[in-house]
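Whole structure, please, built from the sequences with the hints as guidance.
2 protein chains.
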Amino acid sequence: MSAIDELAAELAKLPGVGRKTALRLTYHLLKQPPETSRRLAAALERLVERVRRCSVCANLTEEDPCAICGDPRRDRGILCVVEEASDISAIERTGEFHGIYHVLGGRLSPLDGIGPEDLGVQQLVDRVTAGGVREVILATNPSLEGEATALYVQRQVGPHVAVVSRIARGIPVGGDLEYADGVTIAQAISARREM
Amino acid sequence: MSAIDELAAELAKLPGVGRKTALRLTYHLLKQPPETSRRLAAALERLVERVRRCSVCANLTEEDPCAICGDPRRDRGILCVVEEASDISAIERTGEFHGIYHVLGGRLSPLDGIGPEDLGVQQLVDRVTAGGVREVILATNPSLEGEATALYVQRQVGPHVAVVSRIARGIPVGGDLEYADGVTIAQAISARREM
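Protein chains in written order, with my numbering: chain A, 1138 to 1332; chain B, 1138 to 1332.
There's no promise every hint is true.
Because identical chains share one entry, a pair is satisfied inside a single copy or across any pair of copies.
Computed list of lysine to any residue pairs in SDA-like fashion (alpha-carbon distance at most 20 Å, straight line) [unchecked claim]:
(1) 1157 to 1142
(2) 1157 to 1227
(3) 1157 to 1168
(4) 1150 to 1172
(5) 1168 to 1187
(6) 1168 to 1190
(7) 1157 to 1309
(8) 1168 to 1147
(9) 1168 to 1226
(10) 1157 to 1228
(11) 1168 to 1249
(12) 1150 to 1182
(13) 1168 to 1179
(14) 1150 to 1161
(15) 1150 to 1160
(16) 1157 to 1278
(17) 1150 to 1139
(18) 1168 to 1192
(19) 1168 to 1158
(20) 1168 to 1189
The set of hints was computed from the structure by calculation and includes no laboratory data.
Okay, structure coming up:
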């Protein structure tokens, strides 16, 4: 296989990248200075060589424990449970949460063969029973599997902590009632707050 | 910058890849076996180290002359002029053309500062005046710049070759008259052929 076809084949393995897009990207890179491709290759190498799971919270990190677990200014009394490490980035970008995290590494999904033993729930229970955690926030996605996962985690963790909470579901800020689905609208109404 | 942010920043430089897509691709790669990222990195390195321009036709190739210029079965009497090396791949996939190629490396575009001296027209004239070419097919894109480029090349090459032809414009196969633009329909009618 030629170098062009080989790179196109590798790029086409990425999600959302078809054969034509992969070829277009390859020809684009051939028009750039060689440093563009070299920097991309170096970043890929660095990613697989350096990035590991944090041994405390299972966040993706280059140092163990991760920057959040190692930060003395974070409130260790509030623990936010997420499905994936990428969810931590999304929450951190808001700058509104100052507690610590726990990454389950997925969600309960019988169809995909993912059961409780595949998620880091036992490690979570161990962290909570070790003491110091006042509240566990369940920030799994508000999907069918995410809700089932939240329910399961709540049952496991509930007996060991004072408060278990769930992130609010409702109409997204900037969203449009007209285009929201019925379940979301029902949730937004039942979870209404006095102004 | 973290390894995750660094790879995302490099991926976001690719055309059509935004910041969110770049992060999504990065997290996708972190979920794959490390070989996936390593193979992609190796393919990028191979691309920039091995791929060169063919000294005869300016096609992108790992061997000089390229596989097409070096193939004794190709008809050296028919020479197809294209804007980019990627156009050769598109024509070769049809399996319908058995002549040789010449890559201009772009098209006349005064707005982008690309004039005749930036295209490989002189090399083309040299190849044609060296003899043996019966027909030059101008396969630049049927865009404004592509047409201007075809006209310019025709004037330079015309005096040295028996036939200069232009690829047909018309309704694409599987296309829909209703959605074709007026200029294309006009071309399709004026270039009609007896059945």
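Notebook entry, point to check: For residue 1168 vs residue 1158, is the C-alpha pair at or below 20 Å within one copy, between two copies, both, or neither?
Noted result: within (15 Å within a copy, 22 Å between copies)
Check: When no copy is named, should residue 1168 and residue 1187 be tagged within, between, both, or neither for a Cα gap of at most 20 Å?
Finding: between (30 Å within a copy, 14 Å between copies)
Next item on the list: Using 20 Å as the alpha carbon limit, work out where residue 1168 and residue 1226 are close: within a copy, between copies, both or neither.
Entry: For residue 1168 and residue 1226, only the inter-copy Cα distance (16 Å) is at most 20 Å; the intra-copy one is 33 Å.
Note to self: For residue 1157 and residue 1278, with the copy left unspecified, which applies at a CA distance of at most 20 Å: within, between, both, or neither?
What the structure shows: between (33 Å within a copy, 18 Å between copies)
Item checked: Status of residue 1228 relative to residue 1157 across identical chains (alpha carbons, at most 20 Å) -> between (35 Å within a copy, 14 Å between copies)
Next item on the list: If the cutoff is 20 Å on CA atoms, where do residue 1157 and residue 1168 land: within, between, both or neither? Let me know, please.
Entry: within (17 Å within a copy, 24 Å between copies)
Next item on the list: With 20 Å as the alpha-carbon cut-off, assign the pair residue 1168 and residue 1147 to within, between, both or neither.
Entry: both (19 Å within a copy, 16 Å between copies)
Checklist line | Alpha-carbon proximity between residue 1150 and residue 1160, which holds within one copy, between copies, both or neither at 20 Å | finding: Both, since 12 Å and 16 Å are each at most 20 Å.
Next item on the list: Measure nothing new, just compare the shortest in-copy and cross-copy C-alpha distances for residue 1150 and residue 1172 to 20 Å and report within, between, both or neither.
Entry: between (23 Å within a copy, 12 Å between copies)
Next item on the list: Using 20 Å as the alpha carbon limit, work out where residue 1168 and residue 1189 are close: within a copy, between copies, both or neither.
Entry: between (34 Å within a copy, 11 Å between copies)
Notebook entry, point to check: From the Cα coordinates, with 20 Å as the cut-off, is the pair residue 1168 and residue 1249 best called within, between, both, or neither?
Noted result: between (42 Å within a copy, 15 Å between copies)
Next item on the list: Please work out whether the CA atoms of residue 1157 and residue 1227 approach to 20 Å or closer within one copy, between two copies, in both situations, or in neither?
Entry: This pair counts as between: shortest inter-copy Cα distance 11 Å, intra-copy 31 Å.
Consistency note: the structure conflicts with none of the earlier hints.
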